[in-house]
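S.K.: Could you put the whole structure together from the sequences, leaning on the hints where they help?
Residue numbers (my numbering), protein chains in the order written: chain A, 1 to 648; chain B, 649 to 970.
Keep in mind the hints are simulated off the structure, nothing from the lab. Ideal placement from N, C-alpha and C gives every residue a C-beta, glycine not left out. Please note that the accuracy of each hint is not assured.
[Claimed, not checked] Among chain A residues calculated to face chain B with C-beta under 7 Å, some are:
| id | residue |
| --- | --- |
| 1 | Ala369 |
| 2 | Ile414 |
| 3 | Leu449 |
| 4 | Thr466 |
| 5 | Arg539 |
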Amino acid sequence: MTERPLATAGEASTAPRVPWTQRQGWLSQHLGTAIIGGILGYTFGHWLGNAISSNYQYIVNSGQNAIADALALIFGVVGWLLGIGALNYPLAKLAGRQPEKEVEVNDWSKYFRYSTNHKTVGLQYVVGVLLFMFTGGLLAMAIRTELLNPTTHYFSADTYIKIVSEHGTIMMMMATSIVVGPLGNYLVPLMIGSRRMAFPRIEAFSFWIFVAGYMVIFSALPYGGFPTGWTGYAPLQTQAGPGMVSYLFGFAVIGMGMMAAGFNIAVTIINYRAPGMTWSRVPIFVWSILATAALLTLATPTLFAAGLFGLLDKTAQTAFYVTEHGGSSYLWENLFWFFGHPEVYIMALPGFGIVGEILPVFTRKPLFAYKVGAAGMIGVSLLSFFVWQHHLFQSGINPDMRPLFMLTTELISIPTGFIYLVGMGTLYKSKIRFEIPMLFAMALYFNFLIGGVTGVFLSDVPVNVTVHGGFFVLSHFHYTIMGGLLFAFMGGLYYWLPKMTGRMMNKKIGLLHFWTMFIFFNLTFFPMFIIGLLGQPRRVFTYAKNLQGLNDFSSISAFLLGFSFLIFFFNLVWSLYISPQKAPANPWDSLGLEWQTATPVPPHNFERIPVILTDPYHYSEASAPAVADLGGDERVPAVSSHDGSGVA
Amino acid sequence: MNETHHLRRMTTIWIVLSIAADLLFWFLVGPHIPPGRMTDMASSNQFDFNILFVIAIPVLIGVWIYLAYAIAVWSAKRGGPEPVGGEAARNNRTAQVAWITITSVVVIFLAGFGTVELVVNHGSGGGEGPNPVWSPAGAIKAETAALAGTGTWSPNSNQVLPVQVIAQQWKFTYRYPTFGGFETPQLILPVNTTIAFNVTSLDVIHSFWAYQLSVKADANPQVNDVAYTTTNQTGPFTVRCSELCGIWHGSMYNYGRVVSQQKFMQWAQATEAANAANTKDLPPFAWTYVPDANGAAGGYYPDGTVTPYSTVETYGAKQPAS
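M.R.: Written out as structure tokens, the structure reads:
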């Protein structure tokens, strides 16, 4: 921490003036100035929009005008970024001045600032994605409340569809970053033996624009919501009210964060590996994040462009998606799913990586078929660009394309299956310690299997006729994203939070959390397969009377599933603040490089750049080589009860 | 315990449970799997679902048994032998090659099976777009005649019956081109007849899902999405919209009925006569309709006095005299 020079009365006139961007304390840039910047930007944008296009209002004298709404959001985000200080560096460069380095703040307020430290950004992301998740989860509770009864309505049809849309969009946005953001940013440098990310400013930018994206998508509600679901199909999109602007621009904002994060992480992994960290020694989690980063970087621009077209349709009266004027309703569907299907794997691969790290530690066995696992992740990410039209099997696309997309979709289950080969091989003749992270990892294998197998049903065009667009597909993707990624994320939090916070999570509360989440997740979503097969389409507020029993069962389970997240939240507060237990540097006896440094992690991660000697999976091996030379006198032993003293 | 013991025990449990579960499923559950057997497409799609399920059962049971076995036998609490690391625990060529081979064979078989079923069953009841590639015999002829206004259909003639589905916020209407092109909210179909559904929309994307008929085709504005099915049982069926189309999407459903060919003929002729005055005012039968700013074909401004929503001149069907 750089000390500010104390100015005495006599020196006051001669002390150099500290520029605003270099100040600390309340008069510097932080969340507060970002909010002020956002409000000023929003107000200006709205005024400007109405000034230049006052006759485009949705309803006369309503002040709701797509151009004003779009400009308000655009300037609001720019104001937010200016306020937090994200643009100081590029603006100084643009002006031809020598930019000043960001001030390093080391007290608690660093979490509310534009921090370029990857560990701070990682923890900021933890809070950010949890906030997203709890918001989306509350909306899910509202959905299940409405579906308690086929005829008695708790919400109007209008409100209901907007809740569904907001839930889907918030959750999808959250899930793109839920692992890459918190764990990717925090752990990747530690795992590859780097002191930082390749582009720390882009890293901080990706977080703060992610928060801006949250507020933009949330602004849809006060604007009156949007009725299209998270898929935003046009021309319904073109017909919708001002909330749609928030959706389209919200995805663009989140998309910028995704591209920035993906690009930064990919460059870091490729270029910032420590000496000796060859591709065959890179931890499997890093492989999964690399595959995800490639998808984030390559798939998101399509969404960005699609959203821009939609925004132009709504504001500048273009007709990309307006059929009557020469556009096409298929254009959005194709652009959206060309992004959307890689997106599905953005929400699966990091989970595979997490369980790949957890299993060897708690089985005391090396990771089985490491190379097959890594190849599987790369295979999935490549194939995921060639499957998108399976979302459009019944849409009237060129019919002879359907066998091709059926084939590619089913082929993707081969590399996805590798993750089961890796897991089952690692479990073979092992010695399993059932700690909380391990339970979550095993739960992923249980849940994702159901999600994966039902995916094959959906990819079969004849069966797809019945299951497409219904509760079957809804249950399928909740099994893969929530049952897979979210369970892995929870396992990852229980596993890595001791390193990130220096506090152990409470095991008893953790067990209660795990079992309630696992049981009620399955009780919530399994009945939905049957509900879907029995003919209930997605996103409806009314359904056949004979499905009420199943829907009620699902709803009540969903409320209890929601309760399990409260237990998790309670565990967080309990373990971090109420009854904190100090975490040892390596509580799980892991060989992973991230565990070999001290807790709390030193500001620059490693005193010296470590030299990697082998991969981190040599468990139960008598003559195993040391994992890394950390630069001290001793090398990290292969099987360790390491307390961090190796880091001098 | 040596390696073969673990594997032999798991394999035995796996084979026994898989066969038992498969048999129970095939004979007890399979015949009741939606969408039932009301049409040829429904029967074959039910058969496909059941085949997939019979293959899925051993996969699910295999992994579950393995996980359960690992939890029960290889738990640290049981205090078994220490695990052994090293190269043998990291890679096992046989296991890896076998895994990749088996999953590949299953997956490629499923893709082949799905393709054959799709082609043989004329698109399996799914929307094939404006130019279907796997049409049933006589379908193209019937459709061409319908558009030209020369199509006919009579009981026991074994002709394909074209029916147009017009989806709009938030209802379905149906036009019968072989009966003068009348439009009705009722969907009545003859039994033992191949139906060619021509699905289109007047506004946003909908999806025509005739659940028991095993027909699902998206309704896109200005696109004709064709789907075939052959009825073989009489009775009611449900039609729901299965693509989100706005706030009343949940209420966009109705019920159709498959009746005998004679009854259908009576109904069609009676409705054609009863609707004759209205049919005159409808736009001429076409595969798609362009919504018109003055209200024709479901335009948004039915009173004809409001300024069109776009400055671009609207075009479309001839206006009814007001």
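S.K.: Should the hint that Leu449(A) touches chain B count as held when the rule is a Cβ pair under 7 Å?
M.R.: Constraint on Leu449(A) satisfied, holds at 5 Å.
S.K.: Let's test the interface hint: is any C-beta of chain B closer than 7 Å to that of Thr466(A)?
M.R.: 5 Å, holds
S.K.: Are Arg539(A) and chain B close enough, Cβ to Cβ, to be under 7 Å, as the hint says?
M.R.: 5 Å, holds
S.K.: Taking 7 Å as the limit, does the beta-carbon of Ile414(A) come near enough to a beta-carbon in chain B?
M.R.: Constraint on Ile414(A) satisfied, holds at 5 Å.
S.K.: For the hint on Ala369(A), does the least C-beta distance to chain B fall short of 7 Å?
M.R.: Check passed: Cβ of Ala369(A) comes within 6 Å of chain B, closer than 7 Å.
Violated hints: none; the structure is consistent with every hint.
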